[in-house]
Amino acid sequence: MRGAGASRGKPKTDRPKRGMFRRKRVCRFCVDKVEFIDYKEVRLLIASIPERGKIQPRRLSGTCARHQRKLQTAIKRARQLALIPYVTD
Amino acid sequence: MASVVSERQYELIYIVAPVATDAEVAALQAEVDGHIGSLGGTVENTDLWGRRKLAYQIGNYGEGIYICQLISGPGTMIGEIERRLRVRDQVLRHLTVRVDEDLRKARRLKEKRKATVDRRRAARGLPPLGVADAAPAPPVETPSADTTSPEAPAAGAAAEAPSADPAASAADAAPAPKTEATTPSADAASTDAVAQTTEVKE
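Protein sequences, first through last, are from chains W and H.
By the working numbering, the letter at position 68 of the first sequence is numbered 68, and the numbering carries on one by one without gaps.
By the working numbering, the letter at position 178 of the second sequence is numbered 178, and the numbering carries on one by one without gaps.
Worth double-checking, as some hints may not be accurate.
[As the list claims (entries may be wrong)] With a straight-line cut-off of 20 angstroms between C-alpha atoms, the simulated SDA-like cross-links for lysine to any residue are:
{"id": "1", "chain 1": "W", "residue 1": "K40", "chain 2": "H", "residue 2": "R124"}
{"id": "2", "chain 1": "W", "residue 1": "K40", "chain 2": "H", "residue 2": "K114"}
{"id": "3", "chain 1": "H", "residue 1": "K105", "chain 2": "W", "residue 2": "C64"}
{"id": "4", "chain 1": "H", "residue 1": "K112", "chain 2": "H", "residue 2": "R124"}
{"id": "5", "chain 1": "H", "residue 1": "K114", "chain 2": "H", "residue 2": "P128"}
Hints are computed from structural coordinates only; laboratory data are not their basis.
Could you put the whole structure together from the sequences, leaning on the hints where they help?
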């Protein structure tokens, strides 16, 4: 009912005004029901640091705020221990 | 165990320079263990990761020997251990993280989630998820266990009831023609049956 109203009324805010269709973003940690992001799991963290080595923002990754905070802490700890790089040249 | 407030669980990781021999690493580890013991802590688990490539150069070293320990003890112990690790030249990096709170939080969330799943399954008349998991569930979440047990027999009774009903209706249906058939010849054992038959005949 609400969806039908939305389709008639305002333009959809989920999609960009022009260009590609953007898929609905889902937090991958929520999907996997991860409670605790371990800084020792390098393989998990490396997925969240694209080639430059920066932490991928949640606006791009779709991670929820709660998990992004935990992820951020984990990545920073892993960097201190030289498990993952601060920057990649 | 959880009632003891001063007892905290920490994860201590330190990186030893790759130039150190195995004996030196073992000696350093024994020293750290000794410090922990003397400061009122206990080493619960030691995990020697071994030689590992560093993600970036630390000093002149491209690799390091990682030692990860799970220790428990009072919070005052940590400052002293970190100070001693900082003094050692062999230790390139170290990190201490308190883990008991996070682990407890994660465990609580997991239990909560499991309770929700069990409650919803019980509402749908399904048994709790996993027979092996059923053992720890009842003490944690008694209301769901209570709801499951009455519902299961109720569902069983409900399942039995329909099966009993057709038989009963069939039995009712079967004698009914008999009474009709017999009453005219046997001159009505019961007056009701006679009345019925007369009505039918009319």
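Verification of the hints:
no.	hint	verdict
1	W:K40 x H:R124	violated (40 angstroms)
2	W:K40 x H:K114	violated (26 angstroms)
3	H:K105 x W:C64	holds (18 angstroms)
4	H:K112 x H:R124	holds (18 angstroms)
5	H:K114 x H:P128	holds (9 angstroms)
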